[in-house]
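Enquirer: Protein chains in written order, with the working numbering: chain A, 1 to 608; chain B, 1 to 281.
Hint data in this document are derived by calculation from the structure and do not stem from the laboratory.
Please note that the accuracy of each hint is not assured.
Calculated pairs, DSSO-like style, for lysine-lysine (alpha carbon to alpha carbon, straight line, at most 30 Å) [to be verified]: (1) B/Lys196 to A/Lys122; (2) A/Lys580 to A/Lys597; (3) A/Lys359 to B/Lys71; (4) A/Lys472 to B/Lys199; (5) A/Lys122 to B/Lys236; (6) A/Lys484 to B/Lys241; (7) A/Lys161 to B/Lys238; (8) B/Lys199 to A/Lys484; (9) A/Lys359 to B/Lys196; (10) A/Lys122 to B/Lys65; (11) A/Lys84 to B/Lys239; (12) A/Lys472 to B/Lys196; (13) A/Lys433 to B/Lys196; (14) B/Lys233 to A/Lys77; (15) B/Lys65 to A/Lys369; (16) A/Lys84 to B/Lys145; (17) A/Lys122 to B/Lys239; (18) B/Lys199 to A/Lys460; (19) B/Lys145 to A/Lys395; (20) A/Lys365 to B/Lys238; (21) B/Lys196 to A/Lys434; (22) B/Lys196 to A/Lys395; (23) B/Lys233 to A/Lys84; (24) B/Lys65 to A/Lys368; (25) B/Lys233 to A/Lys161; (26) A/Lys122 to B/Lys19; (27) B/Lys196 to A/Lys460; (28) B/Lys199 to A/Lys430.
Note that this is a predicted model, so its numbers are computed, not measured.
What follows is each chain in one-letter form.
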Amino acid sequence: MEEEIAVRFSNVAFSYPEGDGAPALRGINFTVRRGEFLSVIGHNGSGKSTLARLVNGLLVASEGEISVFGMNPADDKAAREIRKRVGIVFQNPDNQMVASIVEDDVAFGPENICVPREEISKRIDWALEAVGMSEFRHSTPTRLSGGQKQRIAIAGVLAVKPDILILDESTAMLDPRGRREVTDVVSRLNREEGITIILITHFMEEALLADRTIVLNRGEIALSGTPEEIFGNGELLETFNLSLPRITAISRGLRAAGMDVKDVLRPEQLAAEIERNFAKSGKIPCKNPPFLPPAEPAGGEWDIDINHLSFTYSRKSPFATRALNDVTLRIAEGEFFGVIGHTGSGKSTLIQHLNALIKLPQAQKHYKKPKAKKGKPAPVVSGIRVGRFDLSDRKCPFRELRASVGMVFQYPEYQLFAESVFEDVAFALKNFKKDLSREETERYVRESIEVVGLNYEEVKDKSPFDLSGGQKRRVAIAGVIVAKPEILVLDEPAAGLDPAGKREIMSLLHRLHGDWCKTVVIVSHDMDEVAENCTRAAVISDGKLWACGHPAQLFSRADELVALGLDVPLTAKISALLNKSGIEINSDLTAEDFTRKTIEIYGGAPDA
Amino acid sequence: MLNDVTFGQYYPVNSFTHKSDPRIKLLALIAYIVALFLAKNFYSLALCFIVLSLGIIFSRVPLLKVLRSIKAILVIMIFTAVLNLLFHGGQNLLWQWWKIKIYLEGVIFTIFFSLRLLFLVMGSALLTLTTTPVALTDGVESLLKPLTWIRFPVRALALIMSIALRFIPTLIDETNRIISAQKARGSDFESGNIFKRIKAVIPVLIPLLISAFRRAEELGDAMDARCYTGSNKRTKYKKLKFGWRDLLIFLLFASLIAGVVLLNIYAYDIYPEIYVYIRLR
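Using the sequences and the hints, build the whole thing.
Expert: Written out as structure tokens, the structure reads:
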């Protein structure tokens with residue numbers, strides 16, 4: 001009979017040799033049964049990835065004992081056997097693929113373990129089928145979406161026929177659709193193929209899919225139990241740098257107001273809980289006054305006006321792809337504006353137009369005015385105005401524009417380059433404000449490092465590469481805002497951070513908004529983030545502007561958004577469910593307002 | 001914007017030339033180059049040209065695309081042509097100015113030489129236009145296979161090539177992203193003198209290098225996790241197959257070499273042709 005225990009850690013500790021001596025993991029004890037679905041959560045740097053690498057011998061424990069199907073991964077020979085039975089899918093799908101054609105990449109693992117050719121072909125069939133990617137067998141991975149690439153990476157691991165599949169934050173870089181694709185595949189593999197899953201993640205909804213959850217905190221197992229037990233214990237989670245799940249925050253708010261609501265984990269359950277309360281007090285059907293979105297902002301000197309913007313990559317080549325199609329949009333001064341859309345929807349192309357990183361055709365050197373053809377309407381010309389800058393003008397002072405429109409790219413820490421934090425942050429200043437005195441430069445740099453929440457004296461002489469992930473991102477943001485832009489544009493500022501890190505970045509942006517920059521524009525995949533923070537948002541789908549308005553207006557069209565491959569915030573999900581049972585709660589979809597409005601209808605009225 | 005579109009010259013259509021085996025195409029190109037260098041007169045050069053034309057016609061690649069490949073070596077071509085024209089000696093002086101003498105032999109030699117170079121480049125371009133880099137790698141790997149006998153790491157070499165090809169588009173994307181990010185922070189890549197421009201590249205190069213190392217490390221882990229051990233003992237999934245197309249190509253190029261050799265023997269050398277020309281005058 002095969003062993004029932006798949007993985008066992010007894011008293012395991014690990015320290016990185018190049019680290020500061022503090023162990024990355026210590027006193028780790030846990031077992032994973034065959035066929036189990038385990039999720040591992042923990043803040044950035046809590047040791048989650050180290051754990052994954054210990055299982056298959058990519059790292060070797062400094063203390064304690066690890067046993068994988070009775071074998072010790074510290075032994076080289078055993079590690080080879082273990083790797084046949086334990087597959088790992090890593091975070092970045094791009095960095096796991098060796099071949100330029102899907103089937104060749106999937107074949108890599110089986111080739112390594114000398115599977116005969118005919119059998120490899122069968123395994124490719126099976127693995128691609130299991131992840132739902134059979135039709136892409138002959139495609140090029142670089143042309144696929146993030147979710148598709150990650151499914152190919154899973155197929156590549158599956159082709160070795162492992163018993164255990166470890167996902168090391170494999171969904172962190174994906175959009176909601178990609179995440180759903182991957183988690184669906186993983187759940188099905190566990191259910192149907194009986195593959196043991198260890199899912200390492202930041203997302204609570206994903207951790208919930210598991211039978212059991214382990215919480216890591218500073219290299220130790222802080223909690224372990226069913227997801228219900230773990231996430232029911234909100235306060236404790238918060239102390240581990242993981243946020244209180246929004247849903248728990250809502251149910252607590254409701255309970256504080258006297259409603260009988262249990263802590264639950266899924267929107268359907270919370271909706272049912274609320275409904276039960278309403279039914280008991282005979283309040284169905286009921287509704288509150290419809291939510292009135294604030295009037296469109298009046299705007300000011302620094303409005304952004306985008307008119308009929310279209311853009312095609314690699315024009316006049318067989319690979320031409322239309323990224324934007326007739327987008328007309330206005331972002332007023334003082335807004336906290338959200339741009340939503342799945343990967344490849346054109347939202348990054350859109351924001352890169354705002355500071356002329358992508359120039360309008362009229363502003364380029366060899367522009368020829370399109371001739372109006374007889375019988376056809378005159379061609380529509382794209383136009384953008386940002387404040388006083390007319391981006392369609394070839395003589396537009398583009399450098400001044402870029403100083404006024406700060407742009408923080410996705411994973412901005414990857415653009416750090418200088419020897420010290422000070423030099424890196426001062427880079428934009430030296431480019432934009434050449435005649436600044438040394439004292440002034442220092443003052444600017446100090447202010448911007450402090451506003452992003454770092455200690456100036458402590459970090460200024462450090463190499464940016466010695467900082468932690470979250471600190472690097474702050475330095476990168478400081479390096480943009482140091483030029484005091486009027487408008488700050490950020491592409492997924494919170495991507496890849498743990499819940500606490502996300503919250504800190506968002507509060508940083510609120511701190512910047514108003515005092516430091518007039519307008520903030522963020523691109524985001526996280527619908528809750530948009531609902532909680534943005535004054536208005538635009539949904540871009542397949543290069544077209546699908547809708548623009550207050551988040552509450554956008555997210556009321558939940559079904560359509562899901563069909564577009566996007567998601568809706570938790571509050572919108574609950575509202576939609578309650579609506580079906582005759583309880584119409586209209587709120588601005590922030591957790592706070594939703595809770596308040598629910599309480600109001602339930603019994604906040606003076607007579608109740 | 002640079003992207004994987006501009007990388008490689010592969011022209012995606014479905015044709016006879018595209019569908020034939022990359023190994024036979026590689027061998028054919030070698031045979032073709034040998035034939036070009038064996039060619040001693042315009043008759044054999046014409047034969048090479050006929051074969052080249054067949055290749056182009058059956059590839060369905062627009063002629064302009066093939067010709068565009070000359071751009072890269074145009075300067076060298078003109079340079080060598082001018083040198084040949086000026087310094088090739090001979091007996092039939094055509095034109096003289098000061099110390100510069102141009103002979104009829106020089107003119108003929110220059111034409112011959114330029115045509116040979118032109119055909120060579122067009123033929124090589126045809127291979128890269130009709131064969132994906134991946135197929136080319138497979139072809140090279142398969143042709144080098146005998147070298148495993150002397151313990152040459154053919155599989156590892158092929159894997160390196162495959163990974164390099166795989167990461168070119170990724171790194172180009174990354175470069176674009178970093179360039180954009182630094183432009184947004186005021187970097188100026190378009191103006192200033194050469195030193196300023198070189199200096200402007202540093203903020204792009206360093207993050208790019210760091211990122212490449214990070215990717216390499218992650219890829220290494222992923223490969224380890226997928227049971228790669230670096231040994232030559234691996235099975236190979238992809239097998240190249242010879243088909244009827246490849247047989248045809250083989251016959252065509254075999255006859256090309258035979259034809260060139262025969263023409264070299266039975267037709268005039270390029271210089272005796274000059275005397276034919278003179279005698280006719």
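Enquirer: Would the pair B/Lys199 and A/Lys460 pass a check requiring their Cα atoms to be no farther apart than 30 Å?
Expert: holds, 23 Å
Enquirer: Are the Cα positions of B/Lys196 and A/Lys460 separated by 30 Å at most?
Expert: Status holds; Cα separation ~26 Å.
Enquirer: For the pair supplied as a hint, A/Lys84 and B/Lys145, is the alpha-carbon distance within the 30 Å limit?
Expert: Roughly 27 Å separates the two Cα atoms, so the pair holds.
Enquirer: Given the proposed pairing of A/Lys161 with B/Lys238, does the C-alpha separation stay at or below 30 Å?
Expert: Holds - the C-alpha atoms of B/Lys238 and A/Lys161 are around 20 Å apart, at most 30 Å.
Enquirer: Can the restraint linking B/Lys196 and A/Lys122 be considered satisfied, given a maximum Cα separation of 30 Å?
Expert: violated, 57 Å
Enquirer: Starting from B/Lys65, check that the Cα of A/Lys368 is at most 30 Å away, please.
Expert: holds, 25 Å
Enquirer: When you check the alpha-carbon spacing of A/Lys84 and B/Lys239, does it fall within 30 Å?
Expert: Judged against 30 Å, a Cα distance of about 24 Å means the pair holds.
Enquirer: Are A/Lys359 and B/Lys196 close enough, with their CA atoms no more than 30 Å apart?
Expert: holds, 23 Å
Enquirer: Sort out whether A/Lys434 lies within 30 Å of B/Lys196, counting only the CA atoms.
Expert: holds, 14 Å
Enquirer: Are the Cα atoms of B/Lys233 and A/Lys161 separated by 30 Å or less?
Expert: holds, 19 Å
Enquirer: Taking 30 Å as the top limit, are the C-alpha atoms of B/Lys65 and A/Lys369 close enough?
Expert: Holds: B/Lys65 and A/Lys369 sit about 27 Å apart, inside 30 Å.
Enquirer: Would you check the hint for A/Lys122 and B/Lys239, treating anything up to 30 Å between C-alpha atoms as holding?
Expert: holds, 15 Å
Consistency note: the structure conflicts with the earlier hints numbered 1, 6, 10, 19, 20.
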